[in-house]
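Visitor: Each chain, letter by letter, is given below.
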Amino acid sequence: MTGPTNEAETVLRLDGITKRFGALTANGEVSLDLKRGEILALLGENGAGKTTLMNILFGHYVADEGQVLVGTGRTGLHELEPGSPHAALEAGIGMVHQHFTLAENLSALDNIVLGTEKLSSLTSAHAAARKKLKDLIERSGLNVPLDARISQLSVGEKQRVEILKALYRDARVLVLDEPTAVLTPQESDTLFGTLNKLAKDGLGIIFISHKLAEVMASSHRVAVLRAGRKVADLPTAECDLRKLAELMVGHEIVETVRDAGSPGAPLYVLDKVSAGHGRDALHEIDLTLRAGEILGIAGVSGNGQTMLARVISGLVTPVSGSISLAGQNETHANARKMIESGLARIPEDRHRDGIVGAMSVSENLAIETIRHPENQRFGLLRFRAMLEKARQLIEAYDIRCQGEDSQARLLSGGNIQKIVLARTLEPEPTVVLAAQPSRGLDVGATSDVHKRLLAARERGAGVILISEDLDELMRLSDRIAVIHRGHLSEAEETETLDRGTLGLRMAGHGGEEAA
Amino acid sequence: MIRLEPRPPASVSRMLAVSLAAGAAALVLAAIPMSFAGLSVFEAYGLIVKGAFGSVFAFTEMLTRATPLILTGLAAAVAFRAKLWNIGAEGQLYAGALAAVAVGTGAVSGPGYILIPAVALAGALAGGLVMLGPTLLKSKLGVDEVVTTLLLNFIILLFVQMMLEGPMQDPMGMGWPQSEPILDEAALPKLLERTRIHWGLIVALAASLGVYFLLKRTVWGFEIRAVGENAAAARHAGIPVTATFIRVGLLSGALAGLAGVGEVAGLKGYLTADLSPGFGYSGIVVAMLAGLSPIGVVFAALFIASIFVGADSMSRATGVSNYLADLIVAMALLCVLVSGLFLRFKVRFISAPAAKGSAG
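If you read the protein sequences in the order shown, they are chains A and B.
Reading the first sequence from the start, the letters are residues 1 to 515 in this note's numbering.
Reading the second sequence from the start, the letters are residues 516 to 875 in this note's numbering.
Calculated from the structure, these hints are not laboratory results.
It cannot be assumed that every hint is accurate.
[Claimed, not checked] Chain A is nowhere near these chain B residues, computed Cβ spacing over 10 Å in every case: (1) L531; (2) A540; (3) L640; (4) G648.
[As the list claims (entries may be wrong)] Part of the chain B face toward chain A, derived, beta carbon under 10 Å: (5) R732; (6) E744; (7) G855; (8) R859.
None of the values given here were measured: they were computed from a predicted structure.
Yeah, the Cβ is synthetic: ideal placement off N, Cα and C, and Gly gets one too.
If we strip away everything but chain B, and leave its shape as in the complex, we get (with noise of 0.2 Å):
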């Protein structure tokens, strides 16, 4: 019989010990499919790390896969901590992406140093307008926002290839469903020659520095923990619930639609209906795999970046499936929230209650 009893709250180095262990889980839970695939683990493995950090070029593609997580992550975490459960960072990002394209495809002209911010601008406000909805439809009438960030997905992608097939096509495109390209002045520069890494990490890493300030250091930041750690305790003492909901869903949006800046503006250069592979999604992961910590979204996003590129490079060489990526990263996410049943509750084994006594 297992018996589990409270714990008092985890040091950070057990949660860092859980944590890691999960990550060592998760990689020995995925080596059981791996081998029915006929693979060698260790050498998939090997792969898998090596297509990750094995040359520089690797390593930059990496970090270039990363960029959009660390936003998405961002998103996700800095609303579920107000518990504002935003599962639509994904249709934020698209939203973000065409309003980049909206402005930066040559509705406005001038200098890098205007372009750049306006088409930033632009994407951020789309992506926090989006989430405008919701969290209003939640502190006014109590909608799930679940629900409707989520639904809100499918809309703003059936939206945005309605635009591309329609008002925003490429004349020039040949018939394919894609935007006119961003003017070269309104493009995010490179961060290295000949790689695909551009200033959006910068910005990424800008964003979760300013986050991690936010939350830590602010009134806003107080009043996001208080009414996320306890709306109850949080509108008794006055804090204005709704209008905190409000900012959270704005900022939380504007990073997601920042993600898609950083997709169309310093990666792709145009916008398709395939630009992001669930990096909305995969933002939620991060952000759980990174226990809502502003700072720890980037290392987690650098973990899911480093399985998904590893992973395409072994799949590659070996001619297995890179959905096995995915299966990974599911693993690491099922495992750290098992782990979290670990800090928060001590697990006894209790031996059948004919040998009592041993049970002490």
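Looking at chain A on its own, in the form it has when it is part of the complex (with noise of 0.2 Å):
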């Protein structure tokens, strides 16, 4: 890919940033220059502190020390207010975030303008603004249903009209953290070609990303930070997978390797499973799991994965269908039961549904088991036997932690994780059901989710995997079914599929259409 034109000029410029929380430095001496036209990947694991870096741009956050400097056409660079979102605006930085911010109950037009109207002025300027998007819209190719509310718009969409948010602010440098962790394989080639056209028109784009592929695909320069500090700055001509990928993790990459299986009998079974109501119901799902075997379930996320996981976790009764595991009927089984019945349930919200914060490690790996005789006895905990088990635990699953006292809140994301593999795993349950196992995590902790997994494999259990990662999916499952608005496509042998089927599956149309 070719890079900005000659006539290069600096739109922004981070000077020496440097950012502490307590003890730890999320930034450190970061220095970074983007220039007109330019795509620059600012890539990095979880917690390298790229979202730091991009807050402290954009005025969440104030750094500790540095500055931020921005260019504004002649006069050269000058230094950004620290800590203020609006001086951000003012001086053109357009920021895409990962968890969008529109207002679901209003239009796409509504939503664009927001805040850019005074307060003071009686009339609406619609008219001028929706001439100016349809302009923007041309010009950029992002295309949008003006009038339709947000609630009605696929996340591709609801993108877009972030995108176009930053536009019609006459952006000139725009920030888009992870953008593709939303969007089909498709979609995503779609944003890096807008993004492409829009850089060509002379804006200055950074994407942040910890996907190596679309790195090398779509930037002309790559920023590699680790624990906070710039490693790499380079040309992406320069570089290639293996060393991107080295430079972002410090160390060389093993990657996890399933073998050939060897599935067994049929252990668990949803057997026309319908649940739920509105856009997150389930319509008849099918679905059969052997001994043995990882069966992945690919989708864009908001199309049933979650009602899906809470019906196997036992949060959810099926409206009708039947579920059924090593023979037994659990159709109505509650959580309780389903954990006492072996099956280890890994939610995808880890955070919210994994762990009790405010109660400690030893707490968190007991809490599924709190009723069982070896931690309680007339109704009493038994704290001895808990530590004891949580210093195993530890131990065993490589939890990083200040003890087994400490909150666990307190621990990072990859920890928190192991918390839950190690309650779920521990007793060697027959079917584990992994929701978005890796989801945010950094390259070790995510090899270390797969090792478990393909352990549990190993040992003769039943893996259900739902993920919207399609390379995590690739290889670890032995097959893959794909849900799409809550239905449940048959799955079908890995080895037999590419990720360009399964993505167009994943958009909704069917295996012919994918030749």
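Assemble the dimeric complex from its two separately framed chains, guided by the hints.
Guide: Rendered as structure tokens:
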């Protein structure tokens, strides 16, 4: 990919940014230049300080040291007022957050114009705004139904609204935080096509990512952050995947591989299960999980994965259909019954459903089996046994914490996930439900999750892996089914599938069109 | 410009320091209206302290006042720990008192070691049952328990008035709306001769230790804490959330009911509709001041009781209204709530953006 034009002009400069949170240095003397018309990828693992850096740029945080400089055309660089999102907007910095900041019950147009009109003006300048937006849409290809309510738009469309919102405010710098996390592969391609076009028009773009492939394919330059420091800043053309990966992680990477499995008899069966209503409903889901296999479930976020996980976890009872585990009917089993039947559940939102942050590591390790005789006698907690068990699990699962008494909320995401893994996998369950198990984890923690799931499969357990990460699914799953609008496709052998086919099915197209 | 930055969980010593600072700030703030009322601030506070601690009698009066506050404070604290917002301790207290009177005025007869437990049990049960309705409505239908428990207070108080002017009125009471007196055998014994301090205090202290033990050492307590801190995770981990709410609701109501039993059977001897000067509501303040700690509740109740008793005495000596006590208590609560901010956040003052660099 070619770089920006030679009349390269710096539109943004971060100069020696340092930000500390207590003892943690989130950013250490990070300096960064962005040229007009350039696409800069900010690459780093979770916790490397990417988002903190961008929040400083946008005025959500104030840097302890260093400054942000913006170039406004002819006058050269000048300092941006720290800690003021308003100043950042004024200076032409637009930000598209990972979690959209749109009012669901307003139209796309209203959302875009929101905040740009003066409170004192009595008339709404929608006509002028509409004209300007039509023009922007035409130039950028960001196709959005301006009058549709946000709640009716797809995730990809919402993202386009966010980008238009920035462009409407005459952004000269656009920052996107993990923009492809919620998109299908095809939607991601479209997005990068658009970004490329915008860059050609002179927009400076920073996109935050931890996906190497898209960084290689779509950026002009890569800056790599590791543990809060910039460890590399080089033209993308001079990189390759392996080099980037090593820069990002700091050491060589060993990828987990799945050997050929030998699936056994059906273990866990969903038969025409329907549940929920509205957008998140499931419609007559059929699923058969065999012993010793990993069954992947692919899909774009918000197509019923959450409800499926809740049904399997015993949190929601199906409206119709039946569930059986090892021949036993478990259709109406609640969470505790599911756990006792040998079903391990790894929740997709580990902070909300996985741990009680204010309780200790040992309490969180015991919470699912708190009524088991090993944890209580006559209703009294057996503290010593709980602490002893916790010490074993902390050791075996390499949970990094201040001790078994420290509050679970103080742990990093990866270690919180290890708590969940330890307490769910330790009793050697027959079925494992892993919902988005590596979401938001760094490379090391992700590979740990993968190893644990493969070990469970090795042991003869059946694993249901719900994920939005196609690479993860294709690497781990023996078979993959696709969920779209609450319907689950038939599972097919992973070796017969490719990313393109899966991508199309995730977008709701049948198998034939994929060819 | 002021900027708030999150800080890691505070240490116990820091929490104590902030609580004491909040108490001191409340006294300073309350001094302003005091001086407007023409009082010498130091003299007034001196009178308050003397009124609560100045003599053995003053001290026992303060402990007598603290007794129901400990129990209603525990009622609020245990419920709030599970995020069950029981604002109805006042009504549950009256329900407990009503049940105590119903059982203790002759319906059952026998020696003290039978009657006293029977009266206490009846009161606790009545309080618990009153709380059962709002708890079930909350967990089954999602009805806001703040509204239901609060409104039940008025319903129960009116019901008590109705009973006291009707079926339960004392025929020997010369038309006053009051119940028959509790039998001597059913009355809680006094702790000290010639004072009003009674065995309810021991019950309250034991309850505080009991609740502490329950929360800290038992499976039920574990489940209460888990549900209160993160109900979604508790449900996911297989903890019966509805059953936990019901247990907490019953316990909370029972503790408030016991407060009513103590006032009737330990102090007044008969029930009137002005039995409680808002002990149920003050219990919420006690629980908040104590940071929902069952042991802390005892100290918070002693603090509030000494303000109330001391201010009464100060009021008699100076002629300034004892509403001042409510004012000090309210200030203390506000200060404690604001102090929570200082525990969770670091407050930084940032000079105008022009003077950059000084922010760090």
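Visitor: Please settle this one: G648/B was flagged as non-interface, so is its CB more than 10 Å from every CB on chain A?
Guide: holds (25 Å)
Visitor: So is L531/B really clear of chain A, every C-beta pair being over 10 Å apart?
Guide: holds (19 Å)
Visitor: Holds or violated: the hint that E744/B contacts chain A, with Cβ atoms closer than 10 Å.
Guide: holds (4 Å)
Visitor: With chain A as the partner, please determine if G855/B meets the hint condition of a C-beta pair closer than 10 Å.
Guide: violated (15 Å)
Visitor: Is the Cβ of L640/B farther than 10 Å from every Cβ of chain A?
Guide: L640/B is indeed farther than 10 Å from all Cβ atoms of chain A, at 21 Å.
Visitor: Minimum Cβ separation between A540/B and chain A greater than 10 Å?
Guide: Per Cβ check, A540/B is outside 10 Å of chain A; nearest 27 Å; holds.
Visitor: Taking 10 Å as the limit, does the beta-carbon of R732/B come near enough to a beta-carbon in chain A?
Guide: Since chain A brings a Cβ to about 6 Å from R732/B, closer than 10 Å, the hint holds.
Visitor: So, R859/B near chain A? Judge it on the closest CB pair being under 10 Å.
Guide: violated (13 Å)
Of the numbered hints stated above, those contradicted by the structure are hints 7, 8, listed in ascending order.
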